[in-house]
Amino acid sequence: MTEQAYYKADEIESKWQKRWEADGLYHANIDPRRPKHYALTMLPYPSGDLHIGHWYAMTPSDARARFMRMRGYNVLFPMGFDAFGLPAENAAIKRRIHPKDWTYANIARMREQLKSMGAMFDWRREAVSADPAYYRWSQYFFTLLVKHSLAYRKMSPVDWCPNCNTTLAREQVWGDDRHCERCETPVIKKNLEQWFFRTTSYADELLDFSHLDWPERVRTLQTNWIGRSEGASVTFTTEQGDPLEVFTTRPDTLWGATFMVLAPEHPLVKRLSSPEQWEEVQAYILQAERQTDIQREATDKDKSGVFTGGYAINPINGQRIPVWIADYVLMTYGTGAIMAVPAHDERDFAFALKFGLPILPVIARSDGKARSFVVAGSMQAGFTAALKKAGIAFESSPSGELLVSLEGAQLESYTALAQEYLTPGYWNEIIGAAWIFIFEDGPQRWDSLESEQAILERCLSLQPGLTARSLMEMLWGCEFYRPLLTHHDYGMMINSGEFSGTSGDRAKQLVTRWLEQRNLGQLSVNYRLRDWLISRQRYWGAPIPIVYCPEHGAVPVPDDQLPVLLPDDVEWLPTGESPLKLHPTWKQTTCPECGGPAVRETDTMDTFMCSSWYHLRYLSPQYDSYPFDPAEYDYWMPVDTYTGGIEHATMHLIYTRFFHKAGRDMGIMHGPEPMTQLRNQGIILGEDSEKMSKSRGNVISPDDLVGRYGADTVRAYLMFFARWDMGAPWNSNGIEGVARWVRRVWALVTDPAPGGRPDPEALRGLRRKVHQTLRRVTHDFETFEFNTTVSAMMELLNEMYRLRDQGVGQTIEWVEALDITLRMMAPVTPHIAEELWQRQGKPYSIHNQPWPSVDEQAAAEDEVTLIVQINGKLRDRILVPVGISEEDARQAALASEAVQKHLAGAVPRKVILVPGKLVNIVV
RNA sequence: GCCGGAGUGGCGGAAUCGGCAGACGCGCGCGACUCAAAAUCGCGUUCCCUCGGGAGUGUGGGUUCGACUCCCACCUUCGGCACCA
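Residue 136 in the working numbering sits at position 136 of the first sequence, with consecutive numbering throughout.
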């Protein structure tokens, strides 16, 4: 290889990075003449080292931003650091250095690592959330939220991480064992006075994704997280006369409420309990208290509970029903009390079964079928013969029962047969959910509380050895009934007074309206979403800007006194108390209202608060009279493309939407959403297909890769090796293939191409391939399909090598091919593209060039390969001119030797023609 | 249990509107260059086969002239939610 042909990535890359920075090539300024594009990628936490995941998130995002820039957009692509947070403190504790020193040293290091990517970050707009100039405005937003009653302070049981020594938001508690999102320690509950943001006020709006181009996955995660359920709240009355409100998603089952259950912590428990039951009730409450949430919420746990001795009145029918307490009812959801409808709720059913409480079906199947369940017995032989004769379908279960499924019209004949053949024993039938038992003296229907006991006793006396429990399990647990045991199933209302016969989910609305008319209840919506707990008992965060005055209570710090500075001289070792509280003087202050002595809030804010608005600080990080410069806001917002990991779906991505909507209602932000389009990258696993971790020793270091291959190759490989939204295990051999591609591009452009007398067909072929590739690459950039972007360019390169040997190397077509190739590569491999661009004698910089446009005429094929099928099976391929007539295509296909051979004299019945694509001969 | 994503060669993956399955790359095999190795280049590479073909995109059905693609029912797997009334 000649000196010139040797590709030295490190030299080229540092050379161009310096030049670009010196020239301010990527500075984004307001320009009303050009369409704007705000491309944002999630800002890193300054953990100390840029890992391959950062590269995977950022370099394809950068390539996309560069592509948009070349397409004529004025592109803003900023970067910054989410600099507050626990890891800084933990690392500081371990190394005995101040969290601030640790954080800012890491930022300095990571800033340089980020620059090695060759990304088009506009560093003038860098924002660091731990800077006082930044958190002043985080505090400002906090005081605004307080003033608009969107932030409040409340004593409540909150999740506490005993390892991090702080409270956590509900979103930061993960998994079955309810562990801390950061350190994986299971959380405990503590009763504390804490600050909350009223995220629940925006629950409905957060469920509306109509203004967003966001991945289905994220929308689903957020929808599940918010967990909206619509139903009714209904007020029962205790015998003492206290109102007892319940929430139900199925008001149409009110007539089936045969008992009530309260959470053990429910305030009415004591008043409800009878003196005889009180001791037992109290013991149960104590036991429930001792259990952790994890134990209490285990779904597979056997039901437990205690009768209070009290009763309540069902408002719709005056029915007097017993009130129990049980830990399967949670104080934190709804009203902490439920009406139990054991016939149609699996949990209530299990509870009723265990404690022998009545079960009253009020919903019947509405599919027009009646189904029967016939208990095995000696009468079966005759009966089944009769069923067969009557043409009634049935099947025998392995345990010997007979399962009969009836169309409505067959019901009468079935009943007649059953009476004839089965009278010696008993049988039962279910029409919808109403069971009918036939005894010697005729049928009895189990559809009321009064008949239940009598029927049960009678069944038991007829079949000795059957217990009440096994009978009920058999009846209620049989698979024909099961579909009606979930609260998603609607059927026909029965046993429900004037509503009997009402069917479908219409019943729910009708009953709700009926309740509202009678003042017995109203439409009600419940959410799983909780208000966002933002207090943290740690040092390294923005102090909550509140002053507590004995006279005036919690007073927000006035704007002109912000920021409330975080003091450096603090003992920041976590003790469970806020470190700021232990500072000798810091918290002592005066009340902004009256000037009297007062103390500061000593908790700091959740860092997710700081990162909820960083996209606004980027707009004008030096601006000091407002969180952002309104002119910048008006030009750049909203974020057009947001990229980052999916792990933030129910944390940052909910918080930032809430923050924007709250800001909008406070008159600061505009528009429905902060980030219009979201795209998530997947995760890169180690070569062993496991998550990368230091302890496993499978970590891939981007710095090493850049040292070995150069940033361009690393960028291209990250875009090529997997679907970006999926991620995949790392493959050290795979990157060699991309490195080869980059080297081959280098060689192709720098080696003088041999001349020759090229065939005009070869030249046409070159242009065709170039413009077809351009079409694909353009499309794939638009849709974030980066892997095919790179593979299309690889194909083009292979084709160019092939055609070069045919002598096209000294033609204007060849010059055009090189020009377009370099422009297409510029977003992916910005350094080598710039270098080769310059070596071609083209003007600096390639990154200011427009994206080339597709010459559709050049891209068009003038011959096509026609697929010839017989009965849909491929039999031949024939080359035909593009505009071939249908008749000619048909003739050409039939003339094919392969076709004639396969037809073997058969006469085509039909010929399907898809112009320009295929001929399918049907025989 | 509920919600969502994904199942295609040895591997990562491709197939834009229902029309050539396996692009591109890795790996592997053979060859060229070389004393040799690396690098580079060329050819081959879904499976089976009696060399005529046949089968094939998680499984089983369906629609269609034609299905990786659409419909129905499942299986596996990943992620989220879950005694949420």
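Hints should not be assumed to be uniformly reliable.
Taking lysine-lysine and the DSS-like style, the derived pairs with C-alpha atoms no more than 27 Å apart in a straight line are [as the list claims (entries may be wrong)]:
{"hint": "1", "residue 1": "917", "residue 2": "94"}
{"hint": "2", "residue 1": "115", "residue 2": "189"}
{"hint": "3", "residue 1": "691", "residue 2": "154"}
{"hint": "4", "residue 1": "769", "residue 2": "587"}
{"hint": "5", "residue 1": "115", "residue 2": "36"}
{"hint": "6", "residue 1": "154", "residue 2": "189"}
These are computed hints drawn from the structure, not numbers from a lab.
Each hint tested on the structure:
no.: 1; hint: 917 <-> 94; verdict: 68 Å, violated
no.: 2; hint: 115 <-> 189; verdict: 44 Å, violated
no.: 3; hint: 691 <-> 154; verdict: 40 Å, violated
no.: 4; hint: 769 <-> 587; verdict: 71 Å, violated
no.: 5; hint: 115 <-> 36; verdict: 24 Å, holds
no.: 6; hint: 154 <-> 189; verdict: 15 Å, holds
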